[in-house]
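A.B. asks: Below are the chains, spelled out letter by letter.
There are 2 protein chains.
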Amino acid sequence: MGQNTGCKIKRLEVDTGSRFLVVINPAFASELGVMSNDRVRVRGSKKTITGLVMVSQKIVKNHEVGIPINVMGELEEDVGAVVEIHPAERPVSIEYIKNKMNGMELNTQQIRQIINDIVKKNLSDIELAAYISAIYTKGMTIREIKDLTTAMVETGDVIEFDQEPVFDFHSVGGVPGNKVTLIVVPIIAAAGLMIPKTSSRAISSACGTADIFEVLCNVTFTIPEIKNIAERVGGLIAWGGGVNIAPADDLIIRAEYPLTIDPYPQLIASILAKKRACGVQRLVLDIPVGPNAKVESMKLAKKYSRDLMLVAEELGMRVECAITYGGQPVGRAIGPLLEAREALAALEGKEVANSVVEKSLSIAGMVLEMGGVRAGTGTDHAKEIFESGKARDKMLEIIEAQGGDPDITSDTLEVGKFSEEVISDADGYVVSINNKSIVKVARAAGAPAKKGGGILLEKKMGMKVDRGEVIYTIFSDSKTRLDDAVKLANRLKPVDVEGMVLEKVMPGGRVF
Amino acid sequence: MGQNTGCKIKRLEVDTGSRFLVVINPAFASELGVMSNDRVRVRGSKKTITGLVMVSQKIVKNHEVGIPINVMGELEEDVGAVVEIHPAERPVSIEYIKNKMNGMELNTQQIRQIINDIVKKNLSDIELAAYISAIYTKGMTIREIKDLTTAMVETGDVIEFDQEPVFDFHSVGGVPGNKVTLIVVPIIAAAGLMIPKTSSRAISSACGTADIFEVLCNVTFTIPEIKNIAERVGGLIAWGGGVNIAPADDLIIRAEYPLTIDPYPQLIASILAKKRACGVQRLVLDIPVGPNAKVESMKLAKKYSRDLMLVAEELGMRVECAITYGGQPVGRAIGPLLEAREALAALEGKEVANSVVEKSLSIAGMVLEMGGVRAGTGTDHAKEIFESGKARDKMLEIIEAQGGDPDITSDTLEVGKFSEEVISDADGYVVSINNKSIVKVARAAGAPAKKGGGILLEKKMGMKVDRGEVIYTIFSDSKTRLDDAVKLANRLKPVDVEGMVLEKVMPGGRVF
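From first to last, the protein sequence lines stand for chains E and A. First residue of the first sequence? That's 1 in this note's numbering, and the numbers climb one at a time after it. First residue of the second sequence? That's 1 in this note's numbering, and the numbers climb one at a time after it.
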């Protein structure tokens, strides 16, 4: 593969996203001695790029190289000109990925190289999927996960605060309705501790914390803005994707998504890398456990907690984990606007579902104890701040600092104008609420993109339901979406109502 | 994901190869509730297609769907018209691939579904790479490999011969210069047995059998043509890629190639599926073993033979394996034209490297014994046919049947007109020939695409070399390529000449 040949750059009106593709025709590929998925280097007058070869008969002529919009960059000036093209070596990290596939432990430099190649978009989809499969099937030691975390931090930007220590709270997710961040953050900030919370948008869930908070104010900030607001107000809730923090994470998630796998080492590194890059030193992690949550068994939740704490310790961070009940949604509201309203209402002292307040206060209590409040009194402390209205005041201060309306109240928020109540056709009790089905219905109703779409549960697990009573209401901004969501709800039946006697077993083994 | 929306089809002047991509913009993706790598179904007036979503800001407007040339098909008539688009489920085989990642055994139907989705191009690169990684790391039982083989056969065309039994010979490859097929096939056909050999082109090697035989005649035939020639002449050497036989194989190889892995179960299934689809009932397999061959240890070669025979038996085929020496090239010539010339010269009774003739006769002998020749006398039988000139006559008959010149001789073949001799700068012995480096130099000289490029070895392993003697000659059709190949040869030094005493170990442990 030592060929060195001239070719003409042709602009292709396509955007291949994070894929760095260049297109040549079969004759030219053969002349260069390359195949699809090999790499070539194209030397423009200002810049040299390395691209993955896509061999295509129809788009380019012999001795032409087609360059998509996203790969073009400074090659633009060379469009139509003859430039040099030659085969390039494949990245060395492919060898390291193979080593992992073969069950070998990777050293610090090898892990660093893989993450570096991912961030530089040097790996193709095939190679990225092989990396994910390899660590999914072969796992990583605590040392490897630590190195992976460090590599993810170092290949992106970091936030350095002047104040210390930096506190944070994070939920590993998987349980719908989990708006507790909107209550925890103002409590902690009101207590005088700094909590610059970065959060995510929904990928497959009904909404992420960033999607919820966006209902109330802006969530996209630069690093200096985040630093400024946090140091001035004590807390903020920003979208983590708005800054270049641990950029490997999004690129890896993109390839995990179609496989719906979450390799264990990557899961740990992903959380800790983002927190570390944000300068976090003390972190409380919420791990919801339950059927249809991200973590389904207590055993796995414990392993997870232990490993998270071990890796964090290696990185000089202090982490404590709260294993929480994730068997049904937290609170009653699911969907950006409905959840923002429920959280605001709680802070305003209105009556909301017990689970929301209880969970928020327990977690805030853990953070406060990490901040110096006497062990065993954290929750009481949090409750005091919450009930005194100081948390609400702080919340409005944060909303104002993030460009929102400081006079906002839960009453002023308008949910989706189309709604339909789902009615029970029998007497009984709620025996199960399927998280995944709830999410599907909420998404069909428009969440997370359409803020007003979602679900409001009237009945939760164990509650008595009479025939004709409302079990839950579906909200949407559009009639079509509402109809789709209702249709889906009728098919999936996310809330199960049964008579108290579920099954009768008669002598002789007959089952009614 | 229950959305159902209208959109306008836009023709995209790109060819995404085996990838079935459709392009929509971020706003429309959010409206549909889909992300990159999700699937959507586009319902045209004549045809409905399912494509993988690529989200791109720049190419399409909201409520437009961009359709690449290769995906277009009958949607062409709907360009500019408003058609229906809605999210589609991901293929169920992704779940089966995850099961395999988790170490589970797959059943017949699950394997069939995976292969079916591969052939229908329902899987993305990420999903295909996950399949390959999964069977690479977790392996397969004999039963699973059998099912995999059957699925690969059933998802393509098959050849059914009227005559029985059908014989064949196949080399698992990895050793350069392995032109023995060109000698084995005419011997077997001359003995009256039918051997319709399908062979491959080079992927990463210097040349495949199809590349070599193409020097002498056409190798691309339809199934009826293959059937006709084989039944009329007794033998042929066709390119397997010219027919739709076990099409899953090429699609899987495309994804294996960038990772340079060859999952063991896939390797076995791939060979047996192609042979079974060609109606082969009795098969001799050549497994070259040696450093830098595909199979590097005797132990692995034996496991390989055993498993190949077990799977073949399950399929009702009889397979015998020849584990051969693969530590250096077979014969002296590497490259399409040089190898065709060496094989013809052997058949013409000219003196050629011993290794070529010996290997060919042993293998032909094994095939003859499978065809009824008394055990232990196969090689003698083969030798008789070879030396009598009958094999050569049959070869010319085959060449004619495949549209070549029946008067061709080794003398009339013209190799690359540029050449350079590589000279030894010391007295010594050839202590090693690196197969992989030999291949790289031959490829730099133009093989396999440029037929005249390649290498002719003057000295082989163990031979004495005097200073100033030629070790090998590089041939090429172009001066530039020749220079590149010579440069590469100087860097890689594929042939190692050393004094007889390689290392002196002195008392006290000093090494000179």
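Treat the hints as calculated values from the structure; they're not laboratory data. All C-beta atoms in this analysis are idealised placements derived from N, C-alpha and C, irrespective of residue type, glycine included. Treat the hints with care, as some may be off.
[Unchecked claim] Derived list of chain A stretches under chain E, where covered just means 3 residues or more per stretch with a C-beta under 8 Å from a C-beta of chain E:
no., segment
1, 48 to 61
2, 126 to 138
3, 251 to 265
4, 269 to 280
[Unchecked claim] Once the Cα atoms are required to be at most 27 Å apart in a straight line, the calculated BS3-like pairs of lysine-lysine come out as:
no., chain 1, residue 1, chain 2, residue 2
5, E, 138, A, 120
6, A, 121, A, 8
7, A, 121, E, 121
8, E, 479, A, 459
9, A, 120, A, 98
10, E, 436, E, 493
11, E, 479, A, 493
12, E, 120, A, 120
13, A, 47, E, 58
A.B. asks: Each hint needs a verdict: does it hold in this structure or not?
C.D. replies: Hints, verified against the model:
1. Only residues whose beta carbon comes within less than 8 Å of a beta carbon in chain E count, and the segment 48 to 61 of chain A has 6; three or more means the coverage holds.
2. Figure legend: the segment 126 to 138 of chain A, annotated as covered by chain E; annotation consistent (11 residues with Cβ-Cβ distances under 8 Å, at least 3 required).
3. Only residues whose C-beta sits within less than 8 Å of a C-beta in chain E count toward coverage, and the segment 251 to 265 of chain A has 7 of them, enough to reach three; the restraint holds.
4. Counting residues of the segment 269 to 280 of chain A whose beta-carbon sits less than 8 Å from any beta-carbon of chain E gives 0, not enough to reach three: the coverage restraint is violated.
5. Distance check on the hinted pair: residue 138/E and residue 120/A sit about 30 Å apart at the alpha-carbon level, beyond 27 Å; violated.
6. Of the supplied pair hints, the one linking residue 121/A and residue 8/A holds, its CA atoms being roughly 24 Å apart against a limit of 27 Å.
7. Between the alpha carbons of residue 121/A and residue 121/E the distance comes to roughly 25 Å, so the proposed pair stays at or under 27 Å and holds.
8. Taking the CA atoms of residue 479/E and residue 459/A, the gap is near 82 Å; set against the 27 Å cutoff, the hint is violated.
9. With a C-alpha separation of about 20 Å, the suggested pair residue 120/A and residue 98/A falls inside the 27 Å cut-off, and the hint holds.
10. This hinted pair checks out: residue 436/E and residue 493/E have alpha carbons roughly 11 Å apart, not beyond 27 Å.
11. Between residue 479/E and residue 493/A the alpha-carbon distance is near 73 Å, which puts this suggested pair outside the 27 Å criterion.
12. Taking the CA atoms of residue 120/E and residue 120/A, the gap is near 32 Å; set against the 27 Å cutoff, the hint is violated.
13. Pair hint residue 47/A plus residue 58/E holds up; C-alpha atoms about 23 Å apart against a cutoff of 27 Å.
Comparing the model with each earlier hint shows violations of hints 4, 5, 8, 11 and 12; every other hint is respected.
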